[in-house]
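For the protein sequence lines, the chains are L and B, in the order given. Quick note on numbering: the working numbering labels position 270 of the first sequence as 270, and the sequence is numbered without any gaps. Quick note on numbering: the working numbering labels position 9 of the second sequence as 9, and the sequence is numbered without any gaps.
Treat the hints as calculated values from the structure; they're not laboratory data. One or more of the hints may lead you astray.
What the hints assert, rightly or not - Interface residues of chain L toward chain B, partial, derived using beta-carbon atoms under 8 Å:
| hint | residue |
| --- | --- |
| 1 | Ala59 |
| 2 | Thr108 |
| 3 | Gly109 |
| 4 | Thr112 |
| 5 | Gln348 |
To be verified - Quick list of in silico lysine to aspartate or glutamate cross-link-like pairs, EDC-like style, CA-CA up to 16 Å:
| hint | chain 1 | residue 1 | chain 2 | residue 2 |
| --- | --- | --- | --- | --- |
| 6 | L | Lys56 | L | Asp296 |
| 7 | L | Lys56 | L | Asp320 |
| 8 | L | Lys114 | B | Asp25 |
| 9 | L | Lys56 | B | Glu52 |
| 10 | L | Lys189 | L | Asp85 |
| 11 | L | Lys365 | L | Glu129 |
| 12 | L | Lys56 | L | Glu298 |
| 13 | L | Lys56 | L | Asp300 |
| 14 | L | Lys189 | L | Asp179 |
| 15 | L | Lys114 | B | Glu28 |
| 16 | L | Lys294 | L | Asp60 |
| 17 | L | Lys365 | L | Glu267 |
| 18 | L | Lys117 | B | Asp27 |
| 19 | L | Lys294 | L | Glu67 |
| 20 | L | Lys117 | B | Asp25 |
| 21 | L | Lys294 | L | Asp96 |
| 22 | L | Lys114 | B | Asp30 |
| 23 | L | Lys365 | L | Asp128 |
| 24 | L | Lys114 | B | Asp27 |
| 25 | L | Lys365 | L | Glu146 |
| 26 | L | Lys117 | B | Glu28 |
| 27 | L | Lys114 | B | Asp22 |
| 28 | L | Lys365 | L | Asp125 |
| 29 | L | Lys365 | L | Glu120 |
All figures in this text were calculated on a predicted structure; none of them were measured in a lab. Built from N, CA and C at the ideal position, the CB exists for glycine as well.
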Amino acid sequence: MSDAEVLPYGMPYERQTRYDPPAALLELQDRPIRPIRYYPDGVEGWLVTGHAAGRKVLADPRFVTGERFTRSPTELPHVFVSITDQVPPGFFLFFDPPEHTRLRRKVTGVFTVKRMKELEPRVADIVDERIAALRAAGPGADLVREFALPVPSLVICEMLGVPYADRAAFQGNSANMLDLSLSVEDRNKAMAEIFGYLIDLVPAKRANPGDDMVSAFAADPDLHDVEAAGMALILLVAGHETTANMLALGTMTLLEHPAQLERLRAEPGLMPGAVEELLRYLTVAHNGVMRIAKEDAEIDGHRITAGQHVTVALHAANRDPGRYERPDALDLGRDAQGHMAFGHGVHQCVGQQLARVEMRIGFAKLLEAFPGLRLAVPSDQIPMRSDMAVYGVHTLPVEW
Amino acid sequence: MRIEADRQACTSSGMCALTAPDWFDQDEADGRVLVTEPEAPDGEPAVTAAAELCPAGVIALR
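Whole structure, please, built from the sequences with the hints as guidance.
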């Protein structure tokens with residue numbers, strides 16, 4: 001690599017279309033990994049846009065998350081910058097093995113494929129309730145408010161044992177925590193508010209336990225209360241912001257791809273594969289996942305030096321033409337397996353099997369309940385979540 | 001082919017149990033991989049996919 005080369009500044013984030021990653025980002029796919037300058041000070045780091053290179057970085061223990069992230073690939077500080085400014089104990093995404101392993105294994109037994117299969121009837125009931133609420137709200141109702149947000153929120157609250165009635169304490173703050181247009185201080189304040197709520201909940205659960213995860217954390221002699229609250233915090237926030245956006249943006253995507261929607265309606269058996277393709281195509285975690293090199297490391301012939309930031313652009317990796325044919329086409333019949341929408345490596349989404357169940361049931365029942373489902377306003381009037389760490393729509397008015 | 005899994009390094013994503021349930025399951029306690037059927041026909045697509053999809057790279061096929 002020539003020293004004289006002018007490095008791109010940051011990871012492009014301005015989208016030209018509603019469903020595709022930024023065109024300027026996709027233009028960087030000619031090299032799967034390249035040096036870029038990071039905000040705010042222009043220090044050199046790395047950007048990964050290739051699928052295979054992204055897998056290598058995220059599976060490599062030399063690239064860690066248990067550090068304070070001080071730089072961002074985008075002008076608005078990355079969500080990792082605000083969270084690692086004051087990582088809550090127990091917030092296992094920002095710990096490395098063996099500490100990460102100790103914490104994560106306390107929850108993985110709850111999210112197995114088998115346990116999620118057992119949860120399907122309960123998820124179906126919740127989906128039915130929210131479909132009834134959407135119908136009752138009448139044509140023009142906001143699908144985000146009535147359906148896409150409440151479904152995963154109700155499910156994760158029930159699993160954790162967090163009273164849904166307290167949602168004022170966490171739904172807004174959860175969104176603010178990941179709102180990149182807010183200052184790092186305001187995002188941290190939002191995180192501290194949910195955290196404070198959960199710190200109070202842990203002893204309350206110990207005094208009055210239920211069959212739920214926070215009660216189990218509270219009873220675990222290996223976890224102190226603040227750690228237990230931090231574990232609940234990451235699960236609560238992750239459970240809110242991800243599936244909710246996939247349900248809403250996924251619905252809009254289907255409505256705007258009528259031939260694909262028709263195909264899915266005609267062949268309901270396509271649903272599991274369709275969910276994987278929507279995950280790949282939309283990749284709502286569009287802020288990039290960052291790592292810091294703990295030691296010098298070589299990836300695809302590039303020497304990454306200790307201390308450098310590396311960003312894996314999951315949304316670009318999922319459009320890698322070397323991995324997927326016609327990557328920019330939504331094709332619900334394709335084999336989208338191996339997509340990186342849930343990340344890769346030891347931090348790969350712990351709730352992914354729950355997300356799959358929520359989406360398969362959520363989309364299936366929604367399409368079945370509303371054969372004439374359509375947008376209530378022109379799609380260019382739908383406010384997109386461009387400045388949020390998790391992409392999607394702010395509102396989605398629908399009629400039927 | 002013979003299936004081997006490194007349970008120490010398993011991150012409990014469940015991709016193997018989802019993709020190739022005839023060969024893999026998960027520990028009830030912490031979701032770690034259990035190889036329920038260690039032999040598979042050479043090149044069996046579900047097992048090959050499970051190994052490829054494993055985010056922690058702990059499944060070896062010999």
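Against the structure, the hints come out as follows:
Nearest Cβ of chain B to the Cβ of alanine 59 of chain L: about 6 Å, under the 8 Å cut. The hint holds. Hint on threonine 108 of chain L holds. Least Cβ distance to chain B is approximately 3 Å, under the 8 Å limit. A distance limit of 8 Å between C-beta atoms decides the matter here; for glycine 109 of chain L the minimum to chain B is near 5 Å, and the interface restraint holds. Of the supplied interface hints, the one on threonine 112 of chain L holds, with its beta-carbon coming within about 4 Å of a beta-carbon of chain B, less than 8 Å.
Given the 8 Å rule on beta carbons, the hint for glutamine 348 of chain L holds: about 4 Å separates it from the nearest Cβ of chain B. A threshold of 16 Å between alpha carbons decides the hint, and for lysine 56 of chain L with aspartate 296 of chain L the separation of about 15 Å falls inside it, so the pair holds. Proposed proximity of lysine 56 of chain L and aspartate 320 of chain L is supported: the alpha carbons are some 15 Å apart, at most 16 Å. For the proposed pair lysine 114 of chain L and aspartate 25 of chain B, the alpha carbon gap of about 8 Å is at most 16 Å, so the pair holds.
For the hint linking lysine 56 of chain L to glutamate 52 of chain B, the alpha-carbon distance of about 12 Å falls within 16 Å, and the restraint holds. Note on lysine 189 of chain L and aspartate 85 of chain L: the hinted pairing holds, with a Cα-Cα distance of about 12 Å set against a maximum of 16 Å. With a CA separation close to 11 Å, the supplied pair lysine 365 of chain L and glutamate 129 of chain L stays within the 16 Å bound. Taking the CA atoms of lysine 56 of chain L and glutamate 298 of chain L, the gap is about 10 Å. The hint holds against a cut of 16 Å.
A distance of roughly 9 Å separates the Cα atoms of lysine 56 of chain L and aspartate 300 of chain L; the hinted pair therefore holds under the 16 Å criterion. Restraint check for lysine 189 of chain L and aspartate 179 of chain L: the C-alpha separation of about 12 Å stays at or below 16 Å, so the hint holds. A threshold of 16 Å between alpha carbons decides the hint, and for lysine 114 of chain L with glutamate 28 of chain B the separation of about 9 Å falls inside it, so the pair holds. Our distance criterion of 16 Å between C-alpha atoms is met by lysine 294 of chain L and aspartate 60 of chain L, whose separation comes to about 11 Å.
Between lysine 365 of chain L and glutamate 267 of chain L the alpha-carbon distance is near 14 Å, which keeps this suggested pair within the 16 Å criterion. With a CA separation close to 15 Å, the supplied pair lysine 117 of chain L and aspartate 27 of chain B stays within the 16 Å bound. Only pairs whose Cα atoms come within 16 Å are accepted, and lysine 294 of chain L paired with glutamate 67 of chain L is accepted, the gap being roughly 9 Å. A distance of roughly 13 Å separates the Cα atoms of lysine 117 of chain L and aspartate 25 of chain B; the hinted pair therefore holds under the 16 Å criterion.
Under the criterion of a C-alpha separation no larger than 16 Å, the hint pairing lysine 294 of chain L with aspartate 96 of chain L is consistent with the structure, at around 11 Å. With a C-alpha separation of about 12 Å, the suggested pair lysine 114 of chain L and aspartate 30 of chain B falls inside the 16 Å cut-off, and the hint holds. The suggested pairing of lysine 365 of chain L with aspartate 128 of chain L holds, with an alpha-carbon distance near 8 Å, which does not exceed 16 Å. For the given pair, lysine 114 of chain L sits about 10 Å from aspartate 27 of chain B by alpha-carbon distance, which is consistent with the 16 Å threshold.
Annotation: proposed proximity of lysine 365 of chain L to glutamate 146 of chain L holds, straight-line Cα distance about 14 Å (limit 16 Å). With a C-alpha separation of about 13 Å, the suggested pairing of lysine 117 of chain L with glutamate 28 of chain B holds against the 16 Å cut-off. With a C-alpha separation of about 13 Å, the suggested pair lysine 114 of chain L and aspartate 22 of chain B falls inside the 16 Å cut-off, and the hint holds. A C-alpha spacing of about 10 Å is found between lysine 365 of chain L and aspartate 125 of chain L, which places the hinted pair at or below 16 Å, so the restraint holds.
Taking the CA atoms of lysine 365 of chain L and glutamate 120 of chain L, the gap is near 13 Å; set against the 16 Å cutoff, the hint holds.
Taken one by one, the earlier hints all hold for this structure without exception.
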